[in-house]
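Colleague: UniProt numbering puts the first residue of the sequence shown at 1, with every later residue one more than the last.
It should be emphasised that the hints constitute simulated quantities derived from the structure, not laboratory data.
Among the clues, some could well be false.
Calculated pairs, DSS-like style, for lysine-lysine (alpha carbon to alpha carbon, straight line, at most 25 Å) [said to hold, decoys possible]: (1) K82 to K18; (2) K18 to K32; (3) K63 to K76.
Across the chosen pairs, the derived CB separations fall in these ranges [stated by the list, open to error]: (4) A105 to R135: 15 to 25 Å; (5) C118 to L80: 18 to 28 Å; (6) R135 to E93: 29 to 39 Å; (7) P10 to G52: 42 to 52 Å; (8) M107 to S127: 32 to 42 Å; (9) V5 to E153: 29 to 39 Å; (10) G57 to D140: 19 to 29 Å; (11) T22 to K100: 36 to 46 Å; (12) S104 to P10: 30 to 40 Å; (13) A145 to R14: 42 to 52 Å; (14) Q44 to M107: 11 to 21 Å.
Please read all numbers here as calculations on a predicted model, not as lab measurements.
Every residue, glycine too, gets a C-beta built ideally from N, C-alpha and C.
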Amino acid sequence: MNNNVENLPPHTLRLLYKEVSTLTSDPPPGIKLFPNEEDVTDVQVTIEGPEGTPYAGGLFRMKLVLGKEFPSSPPKGFFLTKIFHPNVGPSGEICVNVLKRDWSAEMGLRHVLLTIRCLLIHPNPESALNEEAGRLLLEDYEGYAARARLLTEIHAQRPPAAGAGIATAASSVNENGASTSGPPPGNNEGPAPPTEGPMAKKHAGDRDKKAAKKKADKKRALRRL
């Protein structure tokens with residue numbers, strides 16, 4: 001797609017920059033924007049697969065492309081992540097009324113993005129771009145859902161959370177005998193007790209006191225039986 005910034009009038013660009021900025025700082029639920037600093041007419045987002053749908057657990061990349069007639073003409077929507085959905089064509093193009101006959105110049109991008117996410121909850125087989133998905137949705141929902149889940153698992157896996165590999169990396173270092181600066185994450189045992197010197201004697205005394213107390217507590221418990 002070509003950069004359309006130079007084709008839009010200044011007042012449209014100002015409104016568009018403002019809306020994209022607002023959507024970036026306050027995105028709709030389940031949606032995150034990644035502004036294209038070089039081309040504000042190329043709106044890149046990720047959409048979380050809604051719970052209770054075959055797309056749950058997936059993270060789908062998608063974009064809106066605003067043409068030179070925007071906002072008189074609707075943007076075009078494309079899924080960049082492969083998805084099995086009646087209203088998404090083989091090249092990722094999205095078929096939804098808000099991007100066609102229901103579009104109006106007063107509509108904002110927030111409304112468009114929410115409508116596309118709702119499309120993952122309520123597909124419309126009557127305007128299918130993927131005929132196989134539309135047919136399965138009408139005739140064999142379980143078959144449709146299984147196929148959609150499979151493609152979600154293959155193509156829409158979420159990236160690992162930040163720091164997810166730290167504990168594993170720490171344990172592998174220890175297994176190889178390398179020194180570490182402290183205990184691995186999740187180890188609450190604290191530093192090893194000293195083995196010599198005054199602190200060692202104090203630790204031994206504390207240990208003996210704890211053992212004696214534990215023994216006395218055990219005797220009292222036996223007397224109560």
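Colleague: Indicate, hint by hint, whether the structure satisfies it.
Modeller: Hints versus structure:
1. K82 to K18: violated (30 Å)
2. K18 to K32: Holds: K18 and K32 sit about 16 Å apart, inside 25 Å.
3. K63 to K76: holds (8 Å)
4. A105 to R135: 15 to 25 Å: Violated, since A105 and R135 (Cβ atoms, about 36 Å apart) do not stay within the stated range.
5. C118 to L80: 18 to 28 Å: holds (19 Å)
6. R135 to E93: 29 to 39 Å: Given a distance of about 19 Å, which is not inside 29 to 39 Å, the answer is violated.
7. P10 to G52: 42 to 52 Å: holds (44 Å)
8. M107 to S127: 32 to 42 Å: For M107 and S127 the Cβ distance comes to about 19 Å; the hint is violated.
9. V5 to E153: 29 to 39 Å: Because 38 Å falls inside the window, the suggested range holds.
10. G57 to D140: 19 to 29 Å: Distance hint for G57, D140 holds at roughly 22 Å.
11. T22 to K100: 36 to 46 Å: violated (25 Å)
12. S104 to P10: 30 to 40 Å: violated (22 Å)
13. A145 to R14: 42 to 52 Å: Taking Cβ atoms as reference, A145 and R14 lie about 44 Å apart, which means the hint holds.
14. Q44 to M107: 11 to 21 Å: holds (19 Å)
Figure legend: structure checked against the earlier numbered hints; hints not met, in rising order: 1, 4, 6, 8, 11 and 12.
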